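Each chain, letter by letter, is given below.
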Amino acid sequence: MRFIFKTDYNQDIDLFKHGGQRFWYSLLLAAMIVMPLVIDTFWLGEVAYVLVLAIAGVGLMMLAGYTGLVSLGHAAFLGVGAYAHGFFLNHGVPFFVSVPLAALLAAAVGVAVAFPILRLTGAYLAIATLAFGLIIEQVFIRWEAVTGGFRGFSVPRVNMFGLDLTDGVPFYYLCLAILIIVLLAALNILRSPTGRAMIAIRDSEVAAQSMGVNLALYKTIAFGLSAFFTGLAGALFAHKIGFLAPDAFNVLLSIQLLLLVVVGGLGSLHGAIYGAIFVGALPQFIAIGRDFLPPNIASQPGLEPGLFGLILVLFIMFEPLGIYGRWLKIKLYFDLFPLYKRATFKRQKSYTKSERNR
Amino acid sequence: MTTLFRAENLAINFGGIKAVDGVTFDVEQGKVFTIIGPNGAGKTTVFNLISRIYDPSEGKLIFEGRDITRVPPHDVAGIGIARTFQNIELFEYATLLQNLLLGRHAHRGTNLIQDILHLPSARKSELAHRERVEKVIEFLDLEAYRDALIMNLPYGVRKVVELARALCTEPKLLLLDEPSSGLNTEETQDMAFWIQDIKVELGITVLMVEHDMSLVNEVSDRVLALNYGRVLAEGTAREVQSHPEVVKAYLGG
Amino acid sequence: MQLLLNGLAAGSIYGLVALGFVLIYKATETVNFAQGDLLMLGAFAAFTFIVGFGMPYWAGLICAVVVLAVFGYLLDGFILRQVIGKPQFSIVMLTIGLGFMMRSGSSIFFGTETRQMPTPFDTGVTNFMGLQIADVNLSVLVGTGALCLVLYLFFSKTRLGVAMQAASQNQLAAYYMGIPVKMIFSAIWAISAGTAAVAGVLLAPIALIDVNMGLIGIKAFAAAVLGGFGSIPGAVVGGLIIGVIEQFSGIYMGPGFKDIAAQVVLLAVLIVWPQGLFGRHSRKRV
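Protein chains in written order, with the working numbering: chain A, 14 to 371; chain B, 8 to 260; chain C, 468 to 753.
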């Protein structure tokens with residue numbers, strides 16, 4: 014069992030708590046860099062998809078996991094990033110300008126969405142974000158001049174330094190780089206007063222206010238940051254799917270993103286990664302699993318959402334801390350071995366206290 | 008003898024009921040001022056008015072000579088007023104250290120960009136905050152619980168953490184809402200010592216709501232009795248406790 | 468005027484679904500995102516009884532309501548009960564997941580084609596004060612009214628209603644008072660599911676039965692919020708208003724607006740007037 018002996022305040026602020034962590038994360042980074050040499054193009058594309066999902070997941074995690082603001086319409090930000098990026102590329106904006114610009118636009122939409130709903134809480138907030146998501150989806154459909162309406166438009170490839178950045182190996186490295194940048198930014202935010210203020214808003218708005226946290230400002234910042242990260246993911250997503258149409262950014266995608274953060278583990282960046290792996294790999298498993306199911310079930314198009322629903326329900330009922338939570342429990346078991354007590358994580362009975370009259 | 012804080016004719020209506028009615032009092036700098044009264048007398052409501060969670064329907068709040076009646080709630084900490092909550096409002100899913108560091112928020116010093124990029128100025132600021140928080144941890148003997156999650160801490164410790172967090176904001180006026188509620192005799196005695204240390208060593212003015220009369224007697228310089236939102240009596244602890252109206256309404260024969 | 472009546476009919480359905488939302492919310496503080504899907508299941512159940520087994524309309528309706536009520540009871544008993552006390556977000560996600568499962572199960576079991584179900588109101592037109600109302604629409608209005616009356620009497624005249632209020636405000640205290648909280652919550656779910664079944668059967672002749680019927684739930688949200696999320700008559704009134712607004716905006720503002728009219732109203736209400744028409748504004752006491 015590892016015990017960290019602290020001699021310096023810097024140790025609490027640093028990202029890596031001890032040499033072991035540094036070792037394993039370096040190994041992971043090395044593995045990710047070497048991956049294109051080891052696996053073939055199809056699977057590389059799938060991993061790139063997982064990376065893009067992870068970026069979006071970090072975005073949603075900042076909002077839902079860390080600030081406690083549930084967004085049921087997050088696919089809208091993905092869509093804004095994607096459509097904006099595609100639009101800019103088609104109008105001659107250079108790639109490395111277009112991507113951050115699209116993300117900024119998504120952030121602006123995020124701030125605009127946040128502004129009117131700052132005082133809402135809980136289910137009301139969720140419903141409002143759902144409504145916004147639907148409205149933005151309608152905007153994608155109706156604003157034909159920009160989005161091409163139902164017909165959509167295809168996303169141009171980008172050639173730079175003699176490479177096609179939007180496919181295969183270069184795309185993979187692009188996604189990896191952006192994911193690392195986004196993770197670092199998120200980690201920095203979380204160890205700073207901004208991040209602490211966000212967590213405070215999640216846990217007790219009243220107390221946060223009396224500690225000097227301007228609720229409206231920080232909620233808006235949370236929305237803006239979240240939308241920015243998700244918009245980045247959207248720009249990459251546009252290249253992944255190649256062709257933009259409004260039904261790519263519907264409620265189902267929003268729910269998938271939420272599935273990502275819930276299954277991964279709400280409240281941790283690890284959760285965003287695990288969740289992305291899960292949601293990214295799920296269609297593959299379903300495809301494989303279909304071969305084993307009787308034909309009339311397997312052929313149903315409605316199977317996927319149903320399976321999502323089932324997994325969501327099972328996780329919330331039996332593993333509310335998500336995959337990351339389960340991983341922590343396993344680690345604890347090995348850390349304490351053989352002194353692990355089975356009742357360590359036994360769930361306590363809890364009672365609902367009305368949030369209306371608290 | 009300077010008046011740090013003055014509540015003037017404070018009143019608030021909740022749908023027809025006057026929860027606080029014509030309450031006026033002065034809090035002298037460097038002293039401990041206690042508000043007593045039966046449950047429902049409006050004591051916590053007065054606190055909520057001072058921390059600007061509620062808007063008064065009448066009256067004024069004057070702090071350091073400045074009218075703060077319309078100040079937004081999140082500016083109160085920056086002005087120099089901190090409070091604890093009767094029903095503990097800590098951040099359950101964060102560590103004790105994070106809770107206390109949040110108490111430093113009013114003295115922030117970095118902006119969003121510095122935070123995202125974790126510039127050297129951000130790290131310097133973090134270390135400075137950590138130093139201040141450590142002083143408070145030392146003051147209240149909380150070293151053993153630094154990295155514990157609040158939800159795993161016992162009630163008595165949580166009350167102390169509430170106090171610690173309020174102290175981290177470096178207040179001039181500290182509002183303590185029933186600091187001894189739920190504490191046993193030993194913990195209450197500790198609380199009494201700490202309140203006195205806060206007054207003498209840190210020079211912070213304390214405004215307190217309390218039910219425990221022994222604690223009131225031990226630390227208070229001045230006492231105010233409320234009932235049904237109105238002032239019954241004001242004076243030293245002895246004077247107020249022997250006041251006939253107070254005895255009738257609250258203390259019993 | 469015709470628009471008005473169409474709007475009222477559509478609005479009644481929204482109102483009924485909203486009513487189901489509010490029932491569950493008042494009791495358990497849970498927003499049941501699967502309410503629309505319960506409606507869909509109710510419609511399919513009725514279809515099975517009426518078309519599949521050849522039952523007469525009214526018998527089929529009652530059977531569908533009973534089946535859904537039992538389903539709702541079991542849903543609460545086996546699944547929702549496990550997550551009591553968890554944060555609201557988790558429960559919201561849970562109901563969303565359940566909704567997906569219902570939709571998926573339905574498409575596997577019944578297939579994805581739309582179905583039709585014969586009702587006694589299909590071809591009739593009533594003349595009322597010089598206007599013509601399709602009997603179908605009339606059935607919706609009357610059915611909604613009747614159901615509301617029944618529920619009102621139930622909640623105001625029985626001990627169960629008071630017990631439900633107590634359990635919703637402070638579970639632990641309700642337990643201490645000897646109220647069988649779990650059973651009451653399951654009963655609420657049963658009533659709510661039954662209401663959804665009625666709504667589904669009423670909607671069936673208008674919208675046809677298919678797996679995605681439940682998406683009406685999103686508009687019903689707007690109704691519930693407009694009415695004030697804690698108020699049962701409010702939910703119905705909210706539904707009627709939204710139904711009417713929808714019809715009129717469709718004509719006067721173009722087809723795209725009809726789809727999002729409910730959303731816009733929802734947001735407007737949440738921003739400007741969060742407690743809705745009949746709700747009560749409560750704040751956190753510290």
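Simulated from the structure, these hints should not be mistaken for lab results.
Please read these numbers as outputs of a predicted model, since none were measured by experiment.
Using N, Cα and C, we set each Cβ at its ideal position, and we do this for glycine too.
There may be inaccurate statements among the hints.
Mimicking DSS-like on lysine-lysine, the simulated pairs with C-alpha atoms at most 27 Å apart in a straight line are [stated by the list, open to error]:
| id | chain 1 | residue 1 | chain 2 | residue 2 |
| --- | --- | --- | --- | --- |
| 1 | B | K206 | B | K131 |
| 2 | B | K38 | B | K67 |
| 3 | A | K342 | C | K624 |
| 4 | C | K624 | A | K354 |
| 5 | A | K354 | A | K344 |
| 6 | A | K19 | A | K30 |
| 7 | A | K19 | B | K206 |
| 8 | C | K493 | C | K649 |
| 9 | B | K206 | B | K67 |
| 10 | B | K179 | B | K67 |
| 11 | A | K30 | B | K67 |
| 12 | C | K553 | C | K624 |
| 13 | A | K342 | A | K19 |
| 14 | B | K179 | A | K19 |
| 15 | B | K131 | A | K30 |
| 16 | B | K67 | B | K142 |
| 17 | A | K344 | C | K493 |
| 18 | A | K253 | A | K19 |
| 19 | C | K553 | C | K725 |
| 20 | B | K179 | B | K206 |
| 21 | A | K30 | A | K253 |
Which chain A residues stay away from chain C? Per the calculated CB distances, all over 12 Å, these [unchecked claim]:
| id | residue |
| --- | --- |
| 22 | G33 |
| 23 | F101 |
| 24 | L114 |
| 25 | V124 |
| 26 | L131 |
| 27 | R132 |
| 28 | G146 |
| 29 | E150 |
| 30 | L178 |
| 31 | F305 |
Checked hints:
no.: 1; hint: B:K206 / B:K131; verdict: violated (30 Å)
no.: 2; hint: B:K38 / B:K67; verdict: holds (21 Å)
no.: 3; hint: A:K342 / C:K624; verdict: violated (51 Å)
no.: 4; hint: C:K624 / A:K354; verdict: violated (52 Å)
no.: 5; hint: A:K354 / A:K344; verdict: holds (13 Å)
no.: 6; hint: A:K19 / A:K30; verdict: holds (10 Å)
no.: 7; hint: A:K19 / B:K206; verdict: violated (33 Å)
no.: 8; hint: C:K493 / C:K649; verdict: holds (15 Å)
no.: 9; hint: B:K206 / B:K67; verdict: holds (26 Å)
no.: 10; hint: B:K179 / B:K67; verdict: holds (19 Å)
no.: 11; hint: A:K30 / B:K67; verdict: violated (50 Å)
no.: 12; hint: C:K553 / C:K624; verdict: violated (32 Å)
no.: 13; hint: A:K342 / A:K19; verdict: holds (24 Å)
no.: 14; hint: B:K179 / A:K19; verdict: violated (33 Å)
no.: 15; hint: B:K131 / A:K30; verdict: holds (19 Å)
no.: 16; hint: B:K67 / B:K142; verdict: violated (35 Å)
no.: 17; hint: A:K344 / C:K493; verdict: violated (41 Å)
no.: 18; hint: A:K253 / A:K19; verdict: violated (45 Å)
no.: 19; hint: C:K553 / C:K725; verdict: violated (37 Å)
no.: 20; hint: B:K179 / B:K206; verdict: holds (10 Å)
no.: 21; hint: A:K30 / A:K253; verdict: violated (36 Å)
no.: 22; hint: G33; verdict: holds (33 Å)
no.: 23; hint: F101; verdict: holds (25 Å)
no.: 24; hint: L114; verdict: holds (27 Å)
no.: 25; hint: V124; verdict: holds (15 Å)
no.: 26; hint: L131; verdict: violated (9 Å)
no.: 27; hint: R132; verdict: violated (7 Å)
no.: 28; hint: G146; verdict: violated (9 Å)
no.: 29; hint: E150; verdict: violated (9 Å)
no.: 30; hint: L178; verdict: holds (36 Å)
no.: 31; hint: F305; verdict: holds (15 Å)
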